[in-house]
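Protein sequence lines correspond, in order, to chains R, B and P.
Counting from 646, one number per residue, gives the positions in the first sequence under our numbering.
Counting from 646, one number per residue, gives the positions in the second sequence under our numbering.
Counting from 646, one number per residue, gives the positions in the third sequence under our numbering.
Be careful, since some hints might not be right.
One copy or two, either will do: identical chains are not told apart, so a pair holds if it fits within one copy or between any two.
When the alpha-carbon atoms are kept at most 27 Å apart in a straight line, the in silico DSS-like pairs for lysine-lysine are as follows [as the list claims (entries may be wrong)]:
no., residue 1, residue 2
1, Lys671, Lys687
2, Lys705, Lys687
3, Lys795, Lys671
By construction, these hints were calculated from the structure, which means they are not laboratory data.
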Amino acid sequence: MVDLSQLTDDEVFRAFASYATIILSKMMLMSAATAFYRMTRKVFANPEDCATFGKGENAKKFLRTDDRVERVRRAHLNDLENIVPFLGIGLLYSLSGPDLSTAVLHFRIFVGARIYHTIAYLTPLPQPNRALGFFVGYGVTLSMAYRLLKSRLYL
Amino acid sequence: MVDLSQLTDDEVFRAFASYATIILSKMMLMSAATAFYRMTRKVFANPEDCATFGKGENAKKFLRTDDRVERVRRAHLNDLENIVPFLGIGLLYSLSGPDLSTAVLHFRIFVGARIYHTIAYLTPLPQPNRALGFFVGYGVTLSMAYRLLKSRLYL
Amino acid sequence: MVDLSQLTDDEVFRAFASYATIILSKMMLMSAATAFYRMTRKVFANPEDCATFGKGENAKKFLRTDDRVERVRRAHLNDLENIVPFLGIGLLYSLSGPDLSTAVLHFRIFVGARIYHTIAYLTPLPQPNRALGFFVGYGVTLSMAYRLLKSRLYL
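Sequences and hints are given; from them, build the entire structure.
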């Protein structure tokens, strides 16, 4: 066993680890929300899922789509599309030696913007609330990517 | 060039690397499975994909959806939604100095649960087989997230 | 604060950071492309998004699907399905001490193949252009996974 404290004592890395864990946990909640709406509204995508609610033809009526379920699924996919770049670029950015307060500001704004995006999507709030949440998070990731590519390009 | 052996000699990190590679390779198989079903069942999403099977109106009949293909695609998306949090949280957890046997137990259960989930989805097995695979994997990731946030929160 | 230069001076890791940032930025462009097509073609998935174009029944006609928008979304999802394994496996591969020129060759081919895949998908070019882009990127990721599992398996 080796001492990894060099990496894990780094404050920027610790901050990244905390915010990444929070935003990934929030994303996982979307799975639970989808499951919740599917069960309470009896809306399923697979025949085997509605076996408890009826047999044969009777079960088929639960194989349908529902606005509420589709909305949660779109919010989940949007999370995935935006959190994956944040994780990749954010990890590399954390290791590139940024200023602590600048880095923490990036992470905080991103996490706040994505939580706001989810609230705006699921309520739903009128536009441009959701667009605002989306573009703020998008801008934060691009800002980290810009710093990475400017300072450390190796091709 | 520098010696990275400090990181790569760490046993928890090596275990994480092995299990992450295995589960990502499994996820990549889903792309191959989708391509296989699309070719053998002649079910396509893009007009250019069915050009070899016919021209013009004749080709359009292959632009359709198919239960089997949609099932593989749902299993693939579910993998993506669950493996992304595992990768992010698992990497940070591996670097936070957990006990080796506890960490390996987490990784093993997660990989086993996701493989079981795929088998249950594609066979398909009756519920609650698939739900079990899903929730066991979900719980493992939450358990690592909990440990990370409890011991190393930095906000 | 600690000196992370050991990790960030490693040339393979720096190369991975550069290529990963480039391909993630390219993936983020797909979100912008979807938003662009949704706005210019007035094709929306949520009622609140078309409020500026009309009220009530008048707005509902914009809640539809469009070939062009669906094409961008499929390309985006395919990116996600392939870039996630590249990020996970590529990061672990970079830390496993590969030869610099071999590693850079892997990263370059992957990034080139995925950019070609996107061009072939959105133009669209006739098959097998898109299939070629897909399978080359797929092969690069599998090649890195194979090297990782061969040399460093820990179960």
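Exercise for review: Give me the numbers of the hints this structure contradicts, sorted from smallest to largest.
Suggested key: Failing hints: none at all.
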